[in-house]
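Asks: Residues per chain, in single letters:
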Amino acid sequence: MLEQVNQQIEVLVAFMRNKILPLSFRWENKRYSVKKVNLVNSEYKGREKIYYFSVNSNNDYFKLAFYSHSQKWVLQEAYFE
Amino acid sequence: MKRVIFHIDMDSFFASVEQQARPCLRNRPMAVCGKEKSRSIVVASSVQAKEKGVKTGMPAFKVIKLCPNIEFVEPDPVKYKDVSQRVMDIFSRFSPKMEIFSIDEVFLDMSGLVKNIEQIKCSSQKIKKQLKQEIGSFITCSVGVGGNKFLAKLASDKDKPNGLFIINKQNMDSVLLSSKLTDFCGIGFRLKKRLNDLGVDSVKKLRNFPKNRLIEFFGPDRAQKLHNMAIGRDFSELVCHRSKPKSISRAYTLNQSTTDKEKISLVLMHLTEKAGQELRKNNLSAGKIQVFLRYSDFSMVSLGKKMNGYCRDSQKFFQTATTILHKVRFAKMVRAVGIRFDDFVPFNRQLPLWPSERKKLKLVPWLDKINDQCGELTIKPAYLLKMKKLKDRAGGFCK
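Those protein sequences? They're chains A and B, same order as listed. Residue numbering for the first sequence follows the numbering used here, starting at 1 and increasing by one per position. Residue numbering for the second sequence follows the numbering used here, starting at 82 and increasing by one per position.
None of these hints come from the bench; they were simulated from the model. Only a predicted model underlies this, so the values are computations on that prediction, with no experimental measurement involved. We put the beta carbon where it would ideally sit given N, CA and C, even for glycine. A couple of the hints might just be wrong.
[Said to hold, decoys possible] Facing chain B, according to a computed beta carbon distance under 10 Å, are these residues of chain A, among others:
| no. | residue |
| --- | --- |
| 1 | 2 |
| 2 | 3 |
| 3 | 42 |
| 4 | 43 |
| 5 | 54 |
| 6 | 59 |
| 7 | 63 |
All chains should be built: construct the whole structure from the sequences, respecting the hints.
Replies: Structure (structure tokens):
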């Protein structure tokens, strides 16, 4: 079931070889560890460059967005099996 | 083989990107399409959906009849554009001569870079490997190799998905003769019908059809092209640079068919704003505007008007578009609205005579700059406050 979330969240990330790698995040008092980054894409909205990370945590899918100008992380979508 | 051209075609590109992003969509029928109950059409579909008969361009309600368990995913054009750019970056590492044919297709001139079939296979594997490593394991491509662009394009359709097909001197005739006319890039449904009317329904018949009769029916250029296709000849070079556009158009399918001119003119204004910004980005001025309407029975009407001189101001375009719109008497309900600018000249920086015009000319670039920095239509005509922002549409395919 796909859910549009759009909530600001806290994400633990690693910076590796010019890349940002989300490791885990907290949402609704639960910690999710990122098992796999499926796709990374980006877009400009005005001067804000947004990086989208489509990630898997076990069997669940999430779409995280990193707003590079305002330095915030937003959980956009969640899909639970 | 003197020339070696690769044609790389991404397999079900938009659908693969969605499947790459969301593993839950993998290995099942899915289609990139608008909402299930909307009037949207399929932009791309997964291999499993294609197996059930789902085709690009099919309306959503037909798709559900064919494949009731299909999953619809709304298109995300920004995502596809970004992934496409990264894919093109990978391809550009393999040859300095590259022609971007569409958002998911590219020609590479590999002449001199590969010398035999083994090297062709090796390069193709490298391309596929890099795609897998840098974009994702679900993003695959089919590679067609031939002595010219036409043969390479034909070859890439022969082994899909994730295949490699080489057309060389040995197999060229058998491949050409076993192909359908519509397999050829440049022969669509209409041209096929015209050829059928002449009794030409196969490549063999096209090859044997007298050239002078082809010229009689299609004119010298197209006749020569058709004849060349039948014998697998194509002298065209790769177009490596991006030329300036010859026309700029924007269209939108309304949520509900209507005859309400105010509603239509609102959409029209939105479209002129978008197309106007594109025009200014390309540093062009347009001398002609065209408004086209698609009725609910899919018939089309298009009306054009010459601008009073060359122009690049969206407001002026909108005024002209409105005068065109008011001339139209709707025969039926309007389903889609579109606008096209053409007759381009490079932007002439000469200042207009009237001070009010001069002010406007100075203002427009600043408005564009603000919209660039703060997001599309941050500053817009007050008239547009009446409606929500139109959704971006995914780009189509080119064949």
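Asks: Check the structure against each numbered hint from earlier and tell me which ones fail, lowest number first.
Replies: As far as the earlier hints go, only 2 is violated by this structure.
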